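Asks: Using the working numbering, the letters of the sequence shown correspond one by one to residues 136 to 443.
If you're looking for bench data, these hints aren't it; they were derived computationally from the structure. Warning: the hint list may mix true and false statements.
Unchecked claim - Across the chosen pairs, the derived CB separations fall in these ranges:
hint	residue 1	residue 2	range
1	153	237	24 to 34 Å
2	194	237	37 to 47 Å
3	178	304	28 to 38 Å
4	184	300	18 to 28 Å
For clarity, every value in this text was computed on a predicted model and none was experimentally measured. Glycine included, each C-beta is placed from N, C-alpha and C at the ideal position.
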Amino acid sequence: MNVSVRPAVDLSSGLEDVPVLFEGLTLPTFQYSPDNVQGPGCTVDPSEVTLPGCSCLSHSCPTESCSCLQTHGQAYNCTGTLLELSRTDFGYCSPVFECNALCTCSDTCSNRVVQRGLRLKLEVFNTCNRGWGVRTLEEIPHGTFVCEYAGEVISFGEARRRQLGQRSEENNYIIAVREHAGTGSITETFVDPAQVGNVGRFLNHSCLPNLFMLPVRVHSVIPRLALFAGRDIDAQEELTFDYSGGHTSQNPVELLSTQSDADVQDVSRWVYSYHLALAQLSPICHITHESGKRRKIICTGRCERKDV
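Please put together the full structure from these sequences, using the hints given.
Replies: And the structure:
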């Protein structure tokens with residue numbers, strides 16, 4: 136008997152250096168982009184180089200003389216693995232800045248990690264009861280950069296408009312990151328990969344995730360939402376992160392929301408903060424009943440399943 140096997144295709148259509156494998160019968164409708172793109176209300180083009188560069192001429196920037204490392208600190212070891220990040224006086228982790236397009240160091244500099252893009256073999260697959268998911272086809276060591284959560288960078292007003300315009304059966308992909316600078320200023324970044332995004336849009340939520348999110352700045356003041364391995368991950372494991380930002384192996388990213396309690400029931404991705412958290416709110420977990428109908432529940436933080 137001849138068995139017809141559907142060949143795996145590259146979901147990124149060659150835009151990633153490593154193919155994103157996909158074996159589904161119906162491709163999701165969205166435009167693949169490895170990087171953030173400028174969306175409605177965003178006043179800064181994420182691809183524009185707005186940060187200064189170093190003048191290092193060595194293969195990899197020396198910590199004692201590189202202006203980037205002297206200003207922002209060292210985030211990676213010589214192999215590009217994330218180090219234990221330093222903390223502020225308030226106990227929160229410091230921001231991560233990589234060398235950029237204006238730096239004169241080599242492209243293989245150890246301070247260039249997220250900007251190199253996807254380097255791991257990942258596969259988008261159907262989880263049967265949780266929609267699409269992402270699994271790794273190779274082992275991933277703790278601290279390794281896995282992928283970005285890339286999409287349209289939009290304004291708060293546009294994010295709110297899209298959220299209010301969603302139908303009840305539609306998933307909310309918007310992630311908001313709020314960062315507090317030492318001067319007291321607040322920077323907010325809203326990323327929506329619903330229509331334009333990368334493999335990160337298929338990652339499911341888990342209260343026991345194996346990835347954590349960290350804003351990383353490369354060329355622009357707009358951060359890239361980078362996902363790192365929070366522990367050693369085996370091949371064929373599904374990759375997940377906590378939509379509330381409640382997990383990180385480096386330093387917990389605390390949850391912050393400016394929305395009312397009534398709004399809490401309608402969103403499933405929350406606001407990350409790298410400073411004082413104003414509210415501790417629980418994320419929404421999605422579960423599938425035996426009847427096949429999906430419903431939302433408030434996450435207790437103790438669930439043992441992997442949720443959408």
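Asks: Indicate, hint by hint, whether the structure satisfies it.
Replies: These are the hints, each one checked on the structure:
1. 153 to 237: 24 to 34 Å: 27 Å, holds
2. 194 to 237: 37 to 47 Å: 18 Å, violated
3. 178 to 304: 28 to 38 Å: Check passed, 33 Å falls within 28 to 38 Å.
4. 184 to 300: 18 to 28 Å: 34 Å, violated
Checked against the numbered hints given earlier, this structure breaks hints 2 and 4; the rest are met.
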